[in-house]
Each structure stands twice: as C-alpha cells, then as structure tokens.
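Given the coordinates of chain G, assemble chain F onto it according to the supplied hints.
Top line first, the protein sequences correspond to chains G and F. With numbering that gives the first Met the number 0 applied, the first sequence has no gaps in its numbers, which climb one by one up to 386 at the end. With numbering that gives the first Met the number 0 applied, the second sequence has no gaps in its numbers, which climb one by one up to 386 at the end.
Hints in this document: simulated from the structure, not taken from any laboratory. Think of the CB as a built atom: it goes at the ideal place given N, C-alpha and C, for glycine as much as any other residue. Don't take each hint at face value.
In silico BS3-like links for lysine-lysine, alpha-carbon gap of 30 angstroms or less [as the list claims (entries may be wrong)]:
| no. | chain 1 | residue 1 | chain 2 | residue 2 |
| --- | --- | --- | --- | --- |
| 1 | G | 218 | F | 203 |
| 2 | F | 52 | F | 109 |
| 3 | F | 109 | G | 168 |
| 4 | F | 222 | G | 222 |
| 5 | F | 328 | G | 218 |
| 6 | G | 20 | F | 203 |
| 7 | G | 125 | F | 20 |
| 8 | G | 203 | F | 218 |
| 9 | F | 168 | G | 20 |
Which stretches of chain G does chain F cover? Using the computed rule of at least three CB atoms under 8 angstroms from a CB of chain F, they are [as the list claims (entries may be wrong)]:
| no. | segment |
| --- | --- |
| 10 | 12-20 |
| 11 | 200-209 |
| 12 | 214-224 |
| 13 | 241-248 |
Protein chains: 2
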Amino acid sequence: MQSFELYLPVRLVYGSDSVEKLGAAAAPYGRKALVVYGGGSVKRTGLLDRVKKALAAFEIVEFAGIEPNPRVSSVNAAAKTAREEKVDFVVAVGGGSVMDAAKAICAGAKYDGDAWDLVKDSSLIKDALPLFTVLTNAATGSEYDAAGVITNWETNEKQAISSPLLFPKASFCDPAVSTSLPAWHTAAGAADIMSHTFEQYLVKEGNDVSDGFCETILKTVIKNAPICIKDPENVEARAAMMLASSFGCCGLLAIGNTPSPWPCHAIEHEISAWHDITHGVGLAIITPHWMRYSLTPETAPRFARYAVNVWGMDPKEDPMTLANAAIDKTAEFFASIGIPARLSDVGVDDSHFEAMADHIPTCWWPLSGALRPLDREGVLAILRASL
Amino acid sequence: MQSFELYLPVRLVYGSDSVEKLGAAAAPYGRKALVVYGGGSVKRTGLLDRVKKALAAFEIVEFAGIEPNPRVSSVNAAAKTAREEKVDFVVAVGGGSVMDAAKAICAGAKYDGDAWDLVKDSSLIKDALPLFTVLTNAATGSEYDAAGVITNWETNEKQAISSPLLFPKASFCDPAVSTSLPAWHTAAGAADIMSHTFEQYLVKEGNDVSDGFCETILKTVIKNAPICIKDPENVEARAAMMLASSFGCCGLLAIGNTPSPWPCHAIEHEISAWHDITHGVGLAIITPHWMRYSLTPETAPRFARYAVNVWGMDPKEDPMTLANAAIDKTAEFFASIGIPARLSDVGVDDSHFEAMADHIPTCWWPLSGALRPLDREGVLAILRASL
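Chain G with its partners taken away, still in its complex shape (with noise of 0.2 angstroms):
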C-alpha cells in the first residue's frame, strides 16, 4: 500500500429535504450570497426558487450563465460581480461545469487580476469565499472535492483549479432533481464517474478496500445509468448515480493505490480546450482506445480483475483474454447509453491532435506514470485510435 492523505471536510448533505437546509448552513457565513447557475434549467425545474427560498433571510445577487466547459471569461466576470457587491459567500446551482467556475469564482473575487493566474498556479491563491453547492446532476463529482477545470478559449487551454480553499463548505444533494436530465446529460454523467473511476482503479496497484469501492462505483452506473435513460423519474437510480458522483472524484477509491496521472483526463481536456465538446462524452469515447493501449502482458491481470469483479466474467479464463473481453463490454455499455464511438462523430479533426500532444507535459502530471508509460507517440496513438 501506497502512503497517502484523504481529507474531505466537505458537508456532503443528501436527500429529499436538502436544499431547505442551505440557509442554516450559509448563515455563519454572512447576510449577501452571489447565486452563480448556467442557462435556464434550474430556472424551468423551479430548483432555483427552492434555492431562493431557502436563502429567504440573505440578500441575493444572481450570476447566470456559466457554459458548459466554463470558461475564465465568464469566472472574472463574476468574480468582479462577488467583489464589486461584497457578496459573503457563494452559492452554485448546477452540474460540474457551475460547480467547477464557482471555486474559480470563490478564489477570483479574493485575487486582484486575472482569474487564469490562479488556475496556472494554485499557489497564488491565498484566500477565497465560503462556496456551497446546490447539485444538478451526477456526474463530476466537484460537490465534495476541491478542484474544477476551467477553459480559456483564448490560448485553447482547459485547465484545473485546485486548492483547499476550495472545498464547499457543504454540498446539497436533492436527487430528484437529476430527474429532470436528458438522456445526453444523464449518460454523458456516466461516463464521467466512470472515467473517474477508471482513472484510479487500473494502476499497478490497489489493495482490497480501495478495489471494492472502485468495483462498487463501476457497478453501481453500469447498473443504473441505463435505468435513468430508460426511466427518468426513477428516483431510486438518481440517488445510486448522485452517490456515485459524489465518491467518485474526492480520492476516496485511491486511497492507498499507486498514484495515477488521470491519463484519460490529460488527453480529454486537450480535445476539449479547442472542441467544444461535452467532457463525459469525450471520455467515454477515449477510454477504450487508453485501455487496449494500456493493455499488455503485464497490464492484463489488472484488466482481468475488472472483468471479474465488475463484468461477473469467469475468473479461469486467461487474463489477457478476460482483459479484451471487459474492454469490449466497456466500449459496448457506453454505446448502449447513447455515446457515439468516435471523436468525428462529435466534430472532432485531426488538425490540432499534434498540438494536443505538445500541451500536455506543460500543464500536466507525467503520464509516464500510468498504467502503461504514454510518451507523445502514445497519446497521439490514443487520438488517432479514437478519431
């Protein structure tokens, strides 16, 4: 077992009854709340009154329209909002993307210059505003975590912001209100906690706690994802898939595992800092083309107890071919959900996969540490494969 630290002083809030705990939450932490959202779902869902309500006795400044993949421009413009108002605290309402631009926010309106600063380095970041998060949708799992990726579309770079500061304070999770997620959105979540997952769990090495939590999440969406596209009122698959979000990215299933450079996400956040492209889905469609990549003679034990644990294979087959036979089922499940198998099905070209492969070792962890060793030849091979 690798040494490790987990701390998550997040309060993670779950149910029926968990946005009307927000104002108790909120109220150490001052009088004026700034509430950040994207376009108009949570506005159609009435999920934006209950926020409201639930803040009945704060004074509210509203920010809306946070894009998927959020970009800095939209993060300083609101961090200029939080300062100029002398808001005390911030309030997201959304999935990952209003999750992820909120910490940016928190962190901007307590920094005099440019929000990208602090995504290029985090330890510029010395202060920041109490964040709470009013959760959309199972997916990124950025309610009990203290990162978010931001996307400046000036110097196509998607980047991630990270710092204890960031932490939300506490995370409110209604899952009936992921009812209201198109199937796009629901399996494009899927994919995401499953890459997570993935990233964490195929490393050189796991122990016994650390794989059953990793099975527990794979299985627990390949299990319910499908019943929410098939389903979306189901509340009962909602809540399996929020729960899912919420472990799947807080370092919770590392613990103790080799440590990984999350290979997947290097390469999706090049695709997406120049295609403006839907993170989860990106993900899905590389994964497959990472792990036959990934998969080698000495690779394939690990594979093969993916197959086992997760897909219930016959643990006396061979393991390079319970290895490709679990590589196939994940290519086919994401399929199953509606993600379509190639990058040019989404809009995708080769023209910057050169570029892509550039970026990478200048904003990212070395990805000679991953399962398989990926140089620049690698990952353009990974491109390449999955165009």
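Below, chain F alone, put in the same frame as chain G:
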C-alpha cells in the same frame, strides 16, 4: 434512499512515514502536547519514541495507563493534568480505548466538573482541546470519527461521548505498527470492524453504493484477519485491516440506508459495563445470536444478499436457506480466528441480564428501529442464547 449527512473533517494520513508528519500537522495548534497512551506496548514497539521524535519541537506531558474499556476516572485524572499543565493539544497513541479516552480528555479539559457529565449530556461540550491520534490497531475506527466510549464502574454504565468538537484534527496510521499486535487483539479488532459494518448493512434498506462499500469492508476483513493471525508481520494485510477499520465507523457505510440503532453495540456495552471483557470479543459472541433472532421471512432477503455478495453463495438458493448458511458462516469465521463462542467462556454469567435489559432504554436509541424490532424480551433472548 434516506436523507443523510456525511461530515468527515479528519485528515487521514496513512503510510510508513505517517507518524513523522505529526509535528508539522500539530504546529498551528500550539507548543505543548499531552501524549496519552495505555500500557507499555507503545514503549516496547518504539512507537512512543517515534511520536516524541516527531514532537521534538514541542513540550510534552505524558499520561500513561489508559485501560481497555477506558474509565471515566482515568479521563478525569488526565483532564486535570491537561488543565494544570496548560497543554495546547492532545495526542492519543494507541488503539480504540486510548483514542476514545483522549476524546473525553479533550472535552474534559475544557469543562469544570466530572467528565461523566459530558458522556451523559453531550450538549454540555462547548469546547475541546485539539486532538491528534497515532493508531496502533485496526478495530474501532475512532481515528476517523467524533465519538468515544467510556466506562463508569461506579454506576456500571458504558456509554458514548460524541460531539463534532471531538473529531481528530488528523490521524496518523502506519499499518506496520500493528504487526506487533497479538492474535487475540487482532481477532477482536476484526470482529469490531465486522460488527460496525453489520450494524449499518443489516438494516431494512440499503442502496447500491452503501451495500457495495459494506460488502467490501466485510470481505476485506474475512480475507485479511486470518492472514494477520497466521503471519503477523504481513504489512499489506495489516494495511487492509487498518483501512477497513478507518472506514467502518465514520458513517460512510450507512449513507442513505435506513438508520440503525446499532443493537449489538447496545447489548455489548451493557455486558462490558458489568464485566471487563474485550469489546470486539463481546460483539463477536452476540452477533450470530442477534442475527438468528433477527432472521424472519421478511428480513431473509437482506441476509441472503450478505450470503451471496460476501460469502459467494449461490443466488439461486432460497433466501431463508442462504440466510441461515451465512449466519453459520459468520459464527464459524469468528471461531476460526480464535474467538470463544459463548459469554460464559469469557466469565460472564446471567446475574445482571435483567439490569442490562432495563438499562438500554435509558441510554440508547430505541431498538424498535432494528432490522427486527427489539424489546426487553428480545434483548434478554439474545443475551440468554449467547450465554
């Protein structure tokens, strides 16, 4: 899924280099430490020296002699020392008893009166010294929760003290430390972890995530406890046990489940309030009898799930057959790791059974909320069956 809140603000630090990180973690909290431990084992193993070296920059006051089933008399004495010496924080070096006592000491040091008041009424806990723990064995999970169990021999009461103020700031877990643990304590720790899990898993309703997490912990203990007993120096097996302990009692295993009143703990606390037996051993003796009492046609599917997913039994068998087989397996497992099967084997007779059954409703959650509701007669039936 039931509403729930999960809040785990403890920094969990694992690894062979973990103890050495104590000084840096404690530095923001002051210059003077009360180091609390039990008998001489932490001296013999060199752990106390490691702790002192990690605290080389601090002034240290030692308080030794915390007993198993830690007594409020020791808590009061240590709290007095903490006040008189004006220590800034407390470091618990030991297992569950030492950590539990240290939590009461942290609260007691800030309370002008008998610490037993704080056990009986946690609302009296308004402040507490910061706590750090250095773990020696895998059992109670006290390193990752905000509660401790204290015994009062004057009143024959054993009760929990609990407050969010009692979360350790950080817990330092070096699995190699636990290789010195004798087989008896290794087995008792295994039973304790399993009992924590059963109390959260064998409830009316679980969900895919919590059930998978519980099954992971149970399978981890069932696999690794026998390895630790046969090969005490096996650090990987010790590490798996220690991880299982940390996640066994922190609330993670109960997320979204029907709340449980922890019936086996209610009964065991009564027994060890009258008889100074090892907590985990008492739990292991009671558990199969509680399971048999709780098995009805209505509850059988829950036990059948345990049979299939933990013991690998054939899901095509009928639930009642599976349930009975899983309960037998549970009892056989405890016997296989050297735990006696009967209360009479550990010196407990039936002379206080009526007093125990009468006392539970005065200090515990209503056992009517258990998988099969338990009344006074039910408690007595389980006690008599365990004799």
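Structure-based check of all given hints:
{"no.": "1", "hint": "218/G <-> 203/F", "in the structure": "22 angstroms, holds"}
{"no.": "2", "hint": "52/F <-> 109/F", "in the structure": "28 angstroms, holds"}
{"no.": "3", "hint": "109/F <-> 168/G", "in the structure": "27 angstroms, holds"}
{"no.": "4", "hint": "222/F <-> 222/G", "in the structure": "27 angstroms, holds"}
{"no.": "5", "hint": "328/F <-> 218/G", "in the structure": "26 angstroms, holds"}
{"no.": "6", "hint": "20/G <-> 203/F", "in the structure": "26 angstroms, holds"}
{"no.": "7", "hint": "125/G <-> 20/F", "in the structure": "23 angstroms, holds"}
{"no.": "8", "hint": "203/G <-> 218/F", "in the structure": "22 angstroms, holds"}
{"no.": "9", "hint": "168/F <-> 20/G", "in the structure": "26 angstroms, holds"}
{"no.": "10", "hint": "12-20", "in the structure": "holds (count 6)"}
{"no.": "11", "hint": "200-209", "in the structure": "holds (count 4)"}
{"no.": "12", "hint": "214-224", "in the structure": "holds (count 7)"}
{"no.": "13", "hint": "241-248", "in the structure": "holds (count 3)"}
In terms of the numbered hints stated before, the structure departs from none.
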